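Asks: Here's the letter readout for the chains.
Number of protein chains: 2
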Amino acid sequence: MKSEENMESKGVSRRQMMIGTGVLAAGAAMAHLGGLLKTVEAKEGPTEKWPWPYEKLDPAKTAEIAYEEWYRVFCGAAVINSVVSQLREKVGEPYTSFPVDSFVFLEGGMVGWGMTCGSNTGAAIIANLIIGPRIAGSTAGHQISEDMFQWYSEASMPVFVPKNPKVTTELVKTTADSPLCHVSVGKWMKASGFPIGSPERKDRCARVAASNAYHLVELLNAWKDGKYEPTSSHAPVKEYGITAQMNCMECHGDDVPAAPMAKK
Amino acid sequence: MKSEENMESKGVSRRQMMIGTGVLAAGAAMAHLGGLLKTVEAKEGPTEKWPWPYEKLDPAKTAEIAYEEWYRVFCGAAVINSVVSQLREKVGEPYTSFPVDSFVFLEGGMVGWGMTCGSNTGAAIIANLIIGPRIAGSTAGHQISEDMFQWYSEASMPVFVPKNPKVTTELVKTTADSPLCHVSVGKWMKASGFPIGSPERKDRCARVAASNAYHLVELLNAWKDGKYEPTSSHAPVKEYGITAQMNCMECHGDDVPAAPMAKK
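From first to last, the protein sequence lines stand for chains A and B.
So for the first sequence, the numbering used here puts the first residue at 1; every next one is plus one.
So for the second sequence, the numbering used here puts the first residue at 1; every next one is plus one.
In case anyone wonders, no lab produced these hints; they're calculated from the structure.
Remember, it's a predicted structure, so these values are computed and weren't measured experimentally.
Any given hint could turn out to be false.
Chain copies aren't distinguished; within one or between two, either way the pair holds.
[As the list claims (entries may be wrong)] The calculated lysine-lysine pairs, modelled on PhoX-like cross-linking and capped at a C-alpha distance of 25 Å, are:
id, residue 1, residue 2
1, K90, K49
2, K61, K173
3, K187, K202
4, K202, K163
5, K166, K61
Using the sequences plus the hints, can you model the full thing?
Replies: Shown next as structure tokens:
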């Protein structure tokens, strides 16, 4: 669908393409057609064909990789590379060309600003890389992103315990009720008493990345098997008339503003 | 630095590499070395070498592209593609292989959850794609991300007015004091009275994407000229002991919790 739209916008209609392949079989015409297709591909990007080839991964192995990678590239890139590094081995391109380490900046809710937890952004990036954007034919990548945000918000984190944890004392678990770094980390720091720079807080976040990687692979494996069912029930634009989280009163208190609504 | 670390982790030390190139000049040894390098590259990804080649772009032209792209792929991917589409033409790879449209999910602060405004995430992705992550030798990509978040938060948005706007009435401008979609869009909706689904709100967000694309290219061009100076003054971990925005009281009111701090 998408590539047809692009071709039409370049003045090559589907009808012209069919005439090209059907009537003129040989040499010059095919070369011309090939040239056009190459131009369209360069414009689109050769990796913008979805879904990307996916082979099912082991959730626990993926989580262990994410845990270790956290100490190299931090939360967002750790989740991304826990999947990409394995698919580079099993599949090769387009995973080999995806610049995983560019996403270090997702750390601390993006360069430490406490916005979307990098483990959530990383999971959403992977789902949408592999399955593709909702405008390209499947909404599963979009829905898996929503499922991850809701699952993360409701989970008692960290869920995953690595085989060889760098911090061996038991870590407190907390529920964020939010997919934001600041809220998630803040509630855990309050419950545990550990400061942001402590080994315990760092290991907690490495385990959160691992927990997200684990659940992400469960969802991707289900999708690969044709068994994925969306579970997120949060529909903010429909419910509140604005893009939003589900926890209005946590910031707004009793004074939640009403968004301007469309006239019915 | 990064590639050396990776090579060492594969058992190929820098010293072995130097012996390989210095002492054994011919055939088999070089082929063996080439094989090793190829393995290392496959592990790293061929696009994980920074900076990516960058040619200076016209900010106004980039903003116009972002404005138009908003109506195809929405805020985050619009900012990304306003830069990538031009560099695909001017430079080619690695831009051609970057799957821009995967980032449609950044819309509405990520699938409508009102978190980081996609125009901010898109700008940070571009800065870190081109300049690379802070662990790879330059902190400019990380700093440009911070500068974009702060600039966005303080700007009277939308700044940019396209040549041929789809909505021709004048749009109200508001200052978000936050890089979050929910806060930015919510304040604009309150001031303007327009609902989320209105053509005016959509055009406001398309212009915000264009404004971010414009300023991002200004910063990238300065960096290319060796004249980039970081401007963001927000240092949440140092100042507050937690990842955070700069507007604590907007959510917490007078009751801003104190984060557990490290013992001095």
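Asks: Among the hints numbered above, which are violated by the structure, and what are their numbers in rising order?
Replies: none
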